[in-house]
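4 protein chains.
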Amino acid sequence: MTRLDETASGVFVIAVTPFRADGAVDFQSVDRMVDFYLGVGATGLTVLGMMGEAPKLTAEESRDVVRRVLARVDGRVPVVVGVSSPGFAQMRALSDAVMGDGAAAVMVAPPASLATDAQIVTYYHGVAEELGDTPFVLQDYPLVTKVQIAPSVILKIVEDLPSCVMLKHEDWPGLAKISTLRAASDAGARRISILCGNGGLFLPEEMGRGADGAMTGFAYPEMMVGVCRHHAAGEPGRARDLFDAYLPLARLEQQPGIGLAIRKHILARRGVIADASLRRPGAKLSAADIAEVETLIARQEKRLGEIG
Amino acid sequence: MTRLDETASGVFVIAVTPFRADGAVDFQSVDRMVDFYLGVGATGLTVLGMMGEAPKLTAEESRDVVRRVLARVDGRVPVVVGVSSPGFAQMRALSDAVMGDGAAAVMVAPPASLATDAQIVTYYHGVAEELGDTPFVLQDYPLVTKVQIAPSVILKIVEDLPSCVMLKHEDWPGLAKISTLRAASDAGARRISILCGNGGLFLPEEMGRGADGAMTGFAYPEMMVGVCRHHAAGEPGRARDLFDAYLPLARLEQQPGIGLAIRKHILARRGVIADASLRRPGAKLSAADIAEVETLIARQEKRLGEIG
Amino acid sequence: MTRLDETASGVFVIAVTPFRADGAVDFQSVDRMVDFYLGVGATGLTVLGMMGEAPKLTAEESRDVVRRVLARVDGRVPVVVGVSSPGFAQMRALSDAVMGDGAAAVMVAPPASLATDAQIVTYYHGVAEELGDTPFVLQDYPLVTKVQIAPSVILKIVEDLPSCVMLKHEDWPGLAKISTLRAASDAGARRISILCGNGGLFLPEEMGRGADGAMTGFAYPEMMVGVCRHHAAGEPGRARDLFDAYLPLARLEQQPGIGLAIRKHILARRGVIADASLRRPGAKLSAADIAEVETLIARQEKRLGEIG
Amino acid sequence: MTRLDETASGVFVIAVTPFRADGAVDFQSVDRMVDFYLGVGATGLTVLGMMGEAPKLTAEESRDVVRRVLARVDGRVPVVVGVSSPGFAQMRALSDAVMGDGAAAVMVAPPASLATDAQIVTYYHGVAEELGDTPFVLQDYPLVTKVQIAPSVILKIVEDLPSCVMLKHEDWPGLAKISTLRAASDAGARRISILCGNGGLFLPEEMGRGADGAMTGFAYPEMMVGVCRHHAAGEPGRARDLFDAYLPLARLEQQPGIGLAIRKHILARRGVIADASLRRPGAKLSAADIAEVETLIARQEKRLGEIG
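For the record, the sequence lines run as chains R, V, D and U. Note that the first sequence ends on residue 397 in my numbering; no numbers are left out. Note that the second sequence ends on residue 397 in my numbering; no numbers are left out. Note that the third sequence ends on residue 397 in my numbering; no numbers are left out. Note that the fourth sequence ends on residue 397 in my numbering; no numbers are left out.
Bound conformation, chain R alone (with noise of 0.2 Å):
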């Protein structure tokens, strides 16, 4: 399988975990949503994120997943696991079993433990020294990880560690931390891809500040699709008339704790997966919630059918 590198660019879908009402992982699921992921354009996949419920599968578990969806995925689009964990003995198990399996690059976001400059760069400097040549993306995802990572750590990370090749970018408010990174690059730094989360939620805005795509997992990731199609056909008008379709439900869906039992909801919908539960513990829609979700569907289409 080739590596990640600092090209990638376009979307890498956050794969959400597939249960069935039982509790048990639904893998019949995931080949079915690793089909539609592909099929609305997505340019990789990235399994084991936060919002994949990570923290709540076995070892194991992990393991017969990332292998169900490399197999399924077959070198088609390049596949990213998240191996963040508490100790360096267990990120590099499940990297190294990973990446022999056929992952392109993990991913890896710090610990809350972290606050200053240089232990966020020491941190980093740890886990490169571990995974060795695998290639990691940087998770900077502050509203979650209570770790603020500054764009100078950024760059010096970059610089320091040949094997950082992608940001996850999800700081909130973050724009300005993309033109920052971009005008370094242009500088000399080497550039390495940004790839943006947050929902897709400010997904036009972090395109034109320079970034190279979207790494999260809306709903609709068609959405993200499209705006990254027209802004890099020169067209951010039509990316943005295609983004504010979806804005009002990529809005509902953001929301935090209920937002991904909204986000398999409308999977389950779609018919990409079989069933909308999350493993416990675990958020549960309401009729009201459900109702709100209907609504801004069937306004989306509408919305969608106007713009063409």
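It should be emphasised that the hints constitute simulated quantities derived from the structure, not laboratory data.
Where chains are identical, the list cannot tell them apart; a pair therefore holds if satisfied intra-copy or between any two copies.
Pairs of lysine to any residue, SDA-like flavour, derived with a Cα cap of 25 Å:
id, residue 1, residue 2
1, K266, V382
2, K245, T205
3, K266, A372
4, K235, S202
5, K245, R369
Place chains V, D and U on chain R using the hints.
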């Protein structure tokens, strides 16, 4: 001045505090801002809120700003004043002063030291005892206050403390909370007013769940006014049409930190306040930020034209 | 193996996990450590706790460490196993496994996502349902978990869930909580065991408030054993004499982050474990740190000689 | 009044603010407290600190307390005034006022919104610009401020801002930080004064690492004075003997929340202040709390007798 009660509804705009470039309070802009807010249909105003840069005002300035607003409002709408403070003595001093000047109610957020249900209930008992018969608004904004207030805690406060007349609802996610509170009042609990924050970003859903309106500060308060009116007129679809037209910009303005700078930029651009500066220390917009705002305003105007 | 019940008392030592310099688990040291803890009078052991570097072990290592400890203990004292996990499936898998291997109970800390009283109670209902009739210890350590558990919440859990047999008490400040819980059991609530943490730093006061002992990991567990015994013998003054002699060192060891490195250094110095290393990433002691420890040990020995 | 400079050493006691039972500031007790602190050997005083309940004072009360302290001190020792504030305008207003009244320096803690190294450095640049040539103390207390300040950040502030003359060191763990800062000044960096907090709980080690003394508020400040003097006299063993005698009580007083109530209780018991009350909202001691304090005071007196 009439005091606030449980029947309050519509849009209470969270007022910004206008400063001159040299950092002094700009009282001429305060007047213009009041005229603007009332002109677009605000049914109330809230001053010295978090988005009013209240913590950056001296005690004298706080008093002066409130007086200026009250004088300009001249009884046309109720004015709520934020009085949150680490000490009850200061809270009472400010509350007594502004109520004497003609405010309709005060607003109190919980200090970050509170964690358990009992601690929160006890705190508001202390607040109510301190404030006497002054009506107060319970501010529920966990993203900033770090205090999660359960629906049962709100209901306990409402039951115990008759002077609690309104919830400023700003939990995220928070829609289920509104449903729970309204189910409780349907079942016999005292029904207080619920006005919603979060920059208006969930206003259609919040109204659908039983909220009475908005208390927030988006730079186009006419959006919130329109959504509330259409909703009250039984036209939720029209409410959503209007909401969707403003959503791309509302989303940008709702970002933490930089959001207030965007809001003041737009208010200055609209001629409401003379200068967009935040008091130091405060965020500043870059050229890229401003360009994004301009793009969104142009698209917003176009879309508003389309929906009529 | 006998299961843990509400009558447990004395000192359950929080076991470290010994590693070799190359990072592998050192099972020979596990044996020696068990012998040491039981030799100084431990009435129980707790493995896979936070101070056992549990999050840095793989699932297989966790199982192996527990089995080795159980084999060496050979039924002489009850062994509690930490099974906290983001997902119930993993929690149950580990719990069932270790109970099958002969553990006496499991211990569960609340995830940081819990805030309100109801969320905490609901979470432990889910835990108890998942664990079946396995006795569990409620771990209350807000400094690390970020979850404040009110006494009323503990009492509700105790009332609702018969399988909750012990509180690992580690709130700070936490003395009033013990008094409240004991007053409740005096008034008829089910009385569970309360063993205290915080490195033993408040043990005399905790015993005075009604605690049944300690569950913590100070490198001189004989201090906790002695304090509990003197207290049980009605000699709180002697308990304090002993406590005071160890306090300067206990204070140093109770520092966050570096504290575990101090603990393992002392255990290695005492010949209990072969190597003081923490698994990566983990703190390391400087020469100055070690010199301070040496000074305090020398003074401690002198003082112990004086008090007899 | 002489201004504070980098040579400051000894014990700057963090003054409490005495209140009467009705909540008013007790100025008679302020006088008595100043006499007491200076009588036991304080080389400076710090007012309006976190443990001085400063956030619960009105602006007028703050000014009045500072003036009363300054009048009573009458130039005998330098007085530092806490001026931390969300806004620079207030900070400067208070700083200018108290410096005009005769204070020796001001103290500024970082707001919780700061995270990255650059944000902290930029903030203190803003502070220094605002304060002009007023000497300031950098307060480093992450447990409360939630801001972790790396040694390199402190050194950058010291290098850039000549008006930064002292570090109030209160990190936990924090001993390595002192060593790092002293190694840097040995290597040529400007050497500023380092006075340590944390209730004096690590004072012997802090002095051994190169601190210049203490800035904290334990109710027996003679302990800190004695430790510093013995240390300066080259008798660290005597310093530790004294320290150990007070440690059991210092430990109890260092608890968050309730600690200040214990401190004021002891000061009232010693006749220093008339009333032990905290201003509302504030912690209250139970009978059990007081009994524990009494036990520890009795044992402390006995032990002090033994060591001579």
